[in-house]
Structures are given as structure tokens and as C-alpha cells.
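Chemist: Each chain, letter by letter, is given below.
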Amino acid sequence: MRPALVVTALMCEATPLIDAWGLRPLRRSEVEERFQLFYGDGVYVGVSGIGKLRSAVATSALLAHLRSQDLTPLAINIGIAGCPAGLARLGDLILVHKVRDVATNSRLYPDILIKHHLKELPLDTHDHPVTTPPSEQALVDMECSGFMQAATTLVSPSETAVLKVISDHCDGTRLSPEQVSQHLGAVSDQITAVITSLRSELPAPLQLRTEDIQALDFATSHARLSVTQRIELERAMLATRASGKALPSEFHSILAQPIKSKDQRRIAFAALVAALRGEELP
Amino acid sequence: MTFLPLFSHIYIEDAAREYPLTEHILARFPKAQTISIQNYKEVFNRPRQRWEHQRQSLKLILAARRDSFLYPGSSFVPNFDHTRFFYTTPILNCVYGCEYCYLQGLLSSPTMVAFVNHTAFTEAAARELSGSTPAYLCISYDTDLLAIEDIFGYCAEWIEFAKSHPHVTIEIRTKSANIRALEHITPPSNVILAWTLSPDDVVKRFEHKTPSLQARLKAIAHAQKLQWRVRLCFDPILRVKEWQKHYQELVETTFATIEPNALADVSLGVFRINSGYLRTMQEQRPDSRLVTYPYHVQNGSASYTDAERQEMITHVSEHTLRSIPKEKLCPVPWQW
Ligand code: SF4
Numbered sequence: 001m002r003p004a005l006v007v008t009a010l011m012c013e014a015t016p017l018i019d020a021w022g023l024r025p026l027r028r029s030e031v032e033e034r035f036q037l038f039y040g041d042g043v044y045v046g047v048s049g050i051g052k053l054r055s056a057v058a059t060s061a062l063l064a065h066l067r068s069q070d071l072t073p074l075a076i077n078i079g080i081a082g083c084p085a086g087l088a089r090l091g092d093l094i095l096v097h098k099v100r101d102v103a104t105n106s107r108l109y110p111d112i113l114i115k116h117h118l119k120e121l122p123l124d125t126h127d128h129p130v131t132t133p134p135s136e137q138a139l140v141d142m143e144c145s146g147f148m149q150a151a152t153t154l155v156s157p158s159e160t161a162v163l164k165v166i167s168d169h170c171d172g173t174r175l176s177p178e179q180v181s182q183h184l185g186a187v188s189d190q191i192t193a194v195i196t197s198l199r200s201e202l203p204a205p206l207q208l209r210t211e212d213i214q215a216l217d218f219a220t221s222h223a224r225l226s227v228t229q230r231i232e233l234e235r236a237m238l239a240t241r242a243s244g245k246a247l248p249s250e251f252h253s254i255l256a257q258p259i260k261s262k263d264q265r266r267i268a269f270a271a272l273v274a275a276l277r278g279e280e281l282p
Numbered sequence: 001m002t003f004l005p006l007f008s009h010i011y012i013e014d015a016a017r018e019y020p021l022t023e024h025i026l027a028r029f030p031k032a033q034t035i036s037i038q039n040y041k042e043v044f045n046r047p048r049q050r051w052e053h054q055r056q057s058l059k060l061i062l063a064a065r066r067d068s069f070l071y072p073g074s075s076f077v078p079n080f081d082h083t084r085f086f087y088t089t090p091i092l093n094c095v096y097g098c099e100y101c102y103l104q105g106l107l108s109s110p111t112m113v114a115f116v117n118h119t120a121f122t123e124a125a126a127r128e129l130s131g132s133t134p135a136y137l138c139i140s141y142d143t144d145l146l147a148i149e150d151i152f153g154y155c156a157e158w159i160e161f162a163k164s165h166p167h168v169t170i171e172i173r174t175k176s177a178n179i180r181a182l183e184h185i186t187p188p189s190n191v192i193l194a195w196t197l198s199p200d201d202v203v204k205r206f207e208h209k210t211p212s213l214q215a216r217l218k219a220i221a222h223a224q225k226l227q228w229r230v231r232l233c234f235d236p237i238l239r240v241k242e243w244q245k246h247y248q249e250l251v252e253t254t255f256a257t258i259e260p261n262a263l264a265d266v267s268l269g270v271f272r273i274n275s276g277y278l279r280t281m282q283e284q285r286p287d288s289r290l291v292t293y294p295y296h297v298q299n300g301s302a303s304y305t306d307a308e309r310q311e312m313i314t315h316v317s318e319h320t321l322r323s324i325p326k327e328k329l330c331p332v333p334w335q336w
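For the protein sequence lines, the chains are A and B, in the order given.
1 is the number of the first residue of the first sequence in our numbering; add one for each residue after it.
1 is the number of the first residue of the second sequence in our numbering; add one for each residue after it.
For the record, the hints were derived by calculation from the structure and aren't laboratory data.
Yeah, the Cβ is synthetic: ideal placement off N, Cα and C, and Gly gets one too.
Do not rely on the hints blindly, as some may be mistaken.
Said to hold, decoys possible - Cross-link-like lysine-lysine pairs, in silico, BS3-like; alpha carbons within 27 Å at most:
1) B:K163 <-> B:K328
2) B:K31 <-> A:K115
3) A:K245 <-> B:K241
4) B:K225 <-> B:K328
5) B:K328 <-> B:K245
6) B:K41 <-> A:K115
7) B:K245 <-> B:K218
8) B:K225 <-> B:K326
9) A:K119 <-> B:K41
10) B:K218 <-> B:K328
11) B:K31 <-> B:K41
12) A:K115 <-> B:K209
13) B:K245 <-> B:K209
14) B:K41 <-> A:K245
15) B:K245 <-> B:K204
16) B:K326 <-> A:K119
17) B:K204 <-> B:K241
18) B:K41 <-> B:K218
19) B:K163 <-> B:K225
20) B:K31 <-> B:K209
21) B:K245 <-> B:K326
Claimed, not checked - To give an idea of the interface, some chain A residues facing chain B are shown, with a C-beta separation under 10 Å as derived from the structure:
22) D41
23) T152
24) T153
25) P205
26) A239
27) T240
28) D263
29) E280
30) L281
Could you build the full structure based on these sequences and the hints that come with them?
Modeler: This is the structure:
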């Protein structure tokens, strides 16, 4: 299954998920300490702090951190949100299909591809707590636009999801951390079901293995490949791996030859690509 | 089935709300989640979309096109001897999923965009194609309109246009078997239904979600019975394993079912694609042998080598010419 990164604003939002999934704290680096990262069975949960800026910073840092370990996680934002009374009931778990940043009017759309049983609604991210019912028929929070903006610079919209539990009807109610945890805990099974479907149905992009990257680096420096040639060679290596094959032995024997002149470089590059792609008809 | 069904989500541009077609489409999909948007590009052109994820659950955008209603025809497709050669795109993207489809390299997402201000398209066509000089207009270019005629009704609208513009020949290219959708229309002589036919092996392996060869042939035979002008397109011809055998069988099966004398013509073309689109597709689909095959790149176009193309065209044309006269065989530019 695909790894997933869950970002919450508050520790009290994360706690019920950490408990439900039996996660343990990771404290191996500054990023993991700073965003209180927890891990278990392919799922990471990090805590950003309140506000869209903090959410964006945490999401970027954690996604980059996991990608530096060759992981390509889904990015999921989970937390509480308010909404006008009548739009959804307190305690309902909502899947968000549109996120609007109220300050900038920028709009972001997480793709919803997998079947689910949740109500779907749009969400507006405000810069301040909303204590009077808004006119828009949308959920309100203070983080989601930051999360989406940061997440979609690194992953595709189909690899993002936003799940919100309705905590208030924008009437100025202030919840204690225990009440927040109770709201999240009550829907943790539904959250687990959605995340499990996403993780099992959305395959990660194919990536080169560490030894392939080493071979690519060697080919680039030995045959002094241009950036474009390197990209093409990488694509051919990916295609080879996608077909379940190992790098052909000619790949290494071509690189065992001295490659000095411009002509030798051109011929070596063409031979490397040809060795990888092969002539077999589809 | 874990993925949501076709058009589970419909994004609606604010400017598209007022059009009757919007209402009609929404009525067809009463369970769809509707999401308001200001401009179709904010969903369609999002960066880093993953085609292979989104294809599993196609979404629909309803938009109003503001400009670019007609484009000059591309050199990659035949113009059938018309100097005034245009295409139009009432819909972007396709319900089918052919593995070789250039749309994967051209567009940033498989999400379908339907332009609901149809009259703006026909008005633009009437302006651009005014006079009496013959013109040729392909309307099913970045999509397969007949496959979705039951939902959108675009073919019927353009056929109406053809009736009042007899100097304009309209081509509706399709792989669908949905001829039933046009049964209620009297066929005008300036509308050509152009069916793309491929060997069964190619349909099964590479033309995902399309009707079988048999279903297409049955639809063609029915269209002929209804007096539609029909063009057959053995295009793209793919160099797959045992391609000679597969294409010979295709031609033989076709002319065993279809009345050759009633055909408008037959068009042949070997697979070719803009090399930039192919590069993008190779990034998206490293697992597709068809996409990652080492094509020969020349002048910005990727295809087979000249000798291979000649061999393929010769093979298919020789078999085709056993059933139709030479005048009915149309070449794709630069392939012969
Ligand atoms: S039918 Fe045509 S437009 Fe549709 S996927 Fe196939 S090649 Fe592309």
C-alpha cells in the first residue's frame, strides 16, 4: 500500500488517529521533532500548528522530508471545521471537494476518485476564527488552503484529500482539546476506511531504484550527457523497469569503453537508449 | 468497483450555468456532485495531474468557450482535397482510452470539458466558412462525439448546420457503435461518418473501453442501410507483433461485412504523433510498450522509419484494393 502523510493543525486532532492506528513518535531529525511526526504501518501523522501558513510550512517540510527517503506519500489534511447550521450536523465527517482561500480568492480542488459514503462540501479557509455564520454554503477552517497549496506543489491533486469533522456552527462555541479529540475519535473508523481505499487504489509513480540512479549518474558523467540526454536515458530506464526487466548487460559494456570525442558521446548515448528500449514490437 | 462512476463530479463554470445544455446534462446525472468554478482552466490545467489516476474516474467540466471556435486542420490528418480545412472542439477529451491517443501528450488532464455554448461554435463556423468555396470541417477531433451523442447531442447540432451549409463537408470520426443515436436524422450528403477500424488484437490491447471490431462493423453496416456516407479509416496502423496477419484479417473481415461499393472512401495512415506529445506520454506511461517503443523522430514527428511505413501502407493498401477501386483510397499526407 502507498504511504500516506496526514497533517493536522492540533495535537488534540492527531491524538485519536495516533491511538486508533497505534502510531509511535519519530524523533530522528529536526523536521520530525518540530512537527511531532508519528508513524506506523505506512501512515505518518504530523502536527502543523494553527493557521494556513503553519499548515503550508509543515506540509512542505514533511513531504520533502519523506520524499528525501524515496517515499511518495499521499497528502491528507484532517481536522475540525465549522459550517453554517443546516449545512451539516455536528460530528459529521465531510470530504472536501473545493478549497477556497478567502483572503486571496484562490481555489484548489482535491480530486475525489474513490467511492466513499461521506457527504462532500466545499471549504473556505479564513485568516481569523469565524464566530458568526457565514453566508457561503461552505465549511470554514484556518488551515486547508495552506495545506493544499503546499501539497499540490509536490503531489498531484488526485493524491491529496481533505477530511473535516464538523465541530461548530460558527456560533462562537469554543471547544476544549478533549472535545476536539472526541469528535475525531468518533469518526476514526470512517477516516481509516477512506485512507485505506486511497492508499490501495492510487499507485505511486514509478521510480528508479538507487542502483539505477547510480548507473544514470555514472552514464551522465562518463559520457558527458546533456540535461536533455539524461532525461531521455532516465525515461528509457524507467520503461525497462516498468516492463519488469533488469538493465541489459550492454548498458554496462557500452559504458566500459572510453568515451572522449563528441562523436563517441553521441554514439554511446544512442547505443545506451537502444539497448534499453530494444526493438521488440509491442 | 472502487472508483467513482463516469461524471460523478461535474464542475460548472459560472458562465455556463445559463445554457440549456447545462441543465440538460445535469438532469442526465442527478447524482453527480456539482462544483462551481469561475474558469474551466482552474480545474483542467492544474499542475501535476496524474492521467492514469484520473482516467479511472472521469469527471466533467461544463464551460462556455470565449474564443478559438475553429482551428486550421493539422498536417497529421488528411484534408481530402480541401484547401479550406478546419476542425472544431466542442468537447476536449474522450470517454475512450486509446493507449496511443495524442491527447495524453497534448492536454494536462483526461477530465472532459464540454462547451455548452454550442451556438457560438456554429455561428463562428458560419462566419469563417462563408461563401461557396468547398470547406471541410472535422467536428470529432479531440474526442469521440458519436460515443457520447446520447448525453450531449453535438452531432445532431452540427448535422443541422451541414444541412444549411451545403458547401461544408462535415466529418464525424468515431470508434463507437452508437449509430442508434442518429437514427432519427435524415442523412445529408455533406456529412461523413468516418469509422476508425483496428484489428481485434489492437482493439483489445490498446483501444481501451472502445467497442469491439465486430460491434463497429455492425454499426457501419447499419449506417449504410440508413444511407449515411461512410468512410473507413484504417488509421493508425500500428506495427505490433504479427501486424501483417492482423491487418490482413482486419481488411478481410471488414469487407466481408461492409458493402464496399457504398463507401465514400477508405483512408489509410500509419501511426504518427508529434514528438513532443510522445515525450510527455512516455513520462506518464513508462509501463506502455506501445508508448515507449523507439519510434523514428523526424521533423518534430515520431513514427516508424520511412521503409517501415512504406511496408505497412503497401501491405494494407494491397489488401484493401482487392475490395475497392484505387480512386477510393485516400492517402494521409506525407505517408505515400
Ligand atoms: S477514440 Fe480517439 S480521441 Fe478517443 S481516446 Fe481513442 S484516439 Fe483518443
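Chemist: If you test the structure against every hint from before, which numbers come out violated?
Modeler: 14, 16, 18, 22 and 28
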